[in-house]
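Visitor: These protein sequences, in sequence, are chains A and B. The numbering used here puts the first sequence at residues -5 to 95. The numbering used here puts the second sequence at residues 83 to 307.
What the hints contain is simulated information worked out from the structure, not anything from laboratory work. Be aware that a few hints might be false.
[Stated by the list, open to error] With a Cα cut of at most 16 Å, we get these calculated EDC-like pairs of lysine to aspartate or glutamate:
(1) A/Lys60 with A/Glu43
(2) A/Lys60 with B/Glu210
(3) B/Lys177 with A/Glu76
(4) B/Lys209 with A/Asp36
(5) B/Lys194 with A/Glu79
(6) B/Lys194 with A/Asp13
(7) B/Lys209 with B/Asp188
(8) A/Lys95 with A/Glu43
Bear in mind the structure is a predicted one, so any value in this text is a computation, not a measurement.
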Amino acid sequence: MDITINEQEGRLVAALRGDLDNAASSQANRELAPVFERTDCDVVIDCTELTYISSSGLRILLNIYKHTRTNGHTATLKGLVENVEEVFNLSGFLQLFNIEK
Amino acid sequence: MFGRHRIQQLVSQHGDSTAQQLVQTMTEEVQRFAAEAEQHDDITLLAIRWNVDSRGYGGTGARGREDTPASDPASVFSRTPVPPHPRTSDDTEGKSEVLALRASMDDIGRLKPFVEQAATEAGITGKEPARLRLAVEEAVANVINYGQATTITLQTAVRDRQLTVTITDDGQPFDPTDDSPTDLSVPADQRPPGGMGIVLLHQMTDGLRYQRSDGQNILTLLKNI
């Protein structure tokens, strides 16, 4: 699991690479902490290279969604591969987040 | 399933038996356990009794196993023929692999190669191996997070065009097949926390069976081939 965070066009973009399984989720939680320190911008979770996600990863993303919405900003999932999109769909995430190709 | 636990129990209870007696006892116990259930596969038993002599070596001394006299009843082999039963036959039928995990998230990484290889060898292709891996991970994570188990054992088997992954743990009783399903009509951010793993476990498999036996949870995930 590899995570990078940067700002693009006024949005905070967190790019997730690899498998976000239960073994990776505590590391992911730590590395995504900067997202929770920002209250002033929209957040994009770039999943283009996210190959796998389980419920522990979903919980982290749900917390990002709640944090971002609480501050009046949007939360977007970008670039979902098939397996990952199915999990987001079953979880009801596609109805919550904005979706970008 | 009769299971390794029962086998271990029987062997320790009948430690004084001859190999012949042990095979006899085991066969009777399996038949008693199966009762009227239809036999799916052949039953093979091999019992070996290792007689340790005063030098601390096995009774056959320095000779190799091949040299063991045929009259020495140290090992007894018993085989029950397969009853007539319609079944598919291919190379993967009956193939079984076992993986023992510590009940720790550090061991979760070992699931991927184990499950995906079993799926691929069973002829499951496309996105299905990854979906099965997710189901297995959710079941195992649940045991680690809530079950207070010490060990978790996975066993795969192929039978009747299905791959089964049986997860056995010694933790608190928990039946994920009995869990009231998460109400998916409630928006995800308003649902009570947790429960998502169980939803995925159900969605990513073609069936689930649960049994509590000898202080163990035995959860079997079914995947059509």
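Visitor: Against this structure, judge whether each hint is valid.
Guide: A quick look at each hint next to the structure:
For the suggested pair lysine 60 of chain A and glutamate 43 of chain A, the alpha carbons sit about 23 Å apart, so the restraint of at most 16 Å is broken. A distance of roughly 31 Å separates the Cα atoms of lysine 60 of chain A and glutamate 210 of chain B; the hinted pair therefore is violated under the 16 Å criterion. About 30 Å separates the Cα atoms of lysine 177 of chain B and glutamate 76 of chain A, which puts this hinted pair outside 16 Å; it is violated. For the given pair, lysine 209 of chain B sits about 32 Å from aspartate 36 of chain A by alpha-carbon distance, which is inconsistent with the 16 Å threshold.
A distance of roughly 19 Å separates the Cα atoms of lysine 194 of chain B and glutamate 79 of chain A; the hinted pair therefore is violated under the 16 Å criterion. Taking the CA atoms of lysine 194 of chain B and aspartate 13 of chain A, the gap is about 10 Å. The hint holds against a cut of 16 Å. Of the supplied pair hints, the one linking lysine 209 of chain B and aspartate 188 of chain B is violated, its CA atoms being roughly 25 Å apart against a limit of 16 Å. Of the pairs offered as hints, the one joining lysine 95 of chain A and glutamate 43 of chain A holds, with about 13 Å between alpha carbons and a cut-off of 16 Å not exceeded.
Violation of the numbered hints given earlier is confined to hints 1, 2, 3, 4, 5 and 7; the remaining hints are satisfied by the structure.
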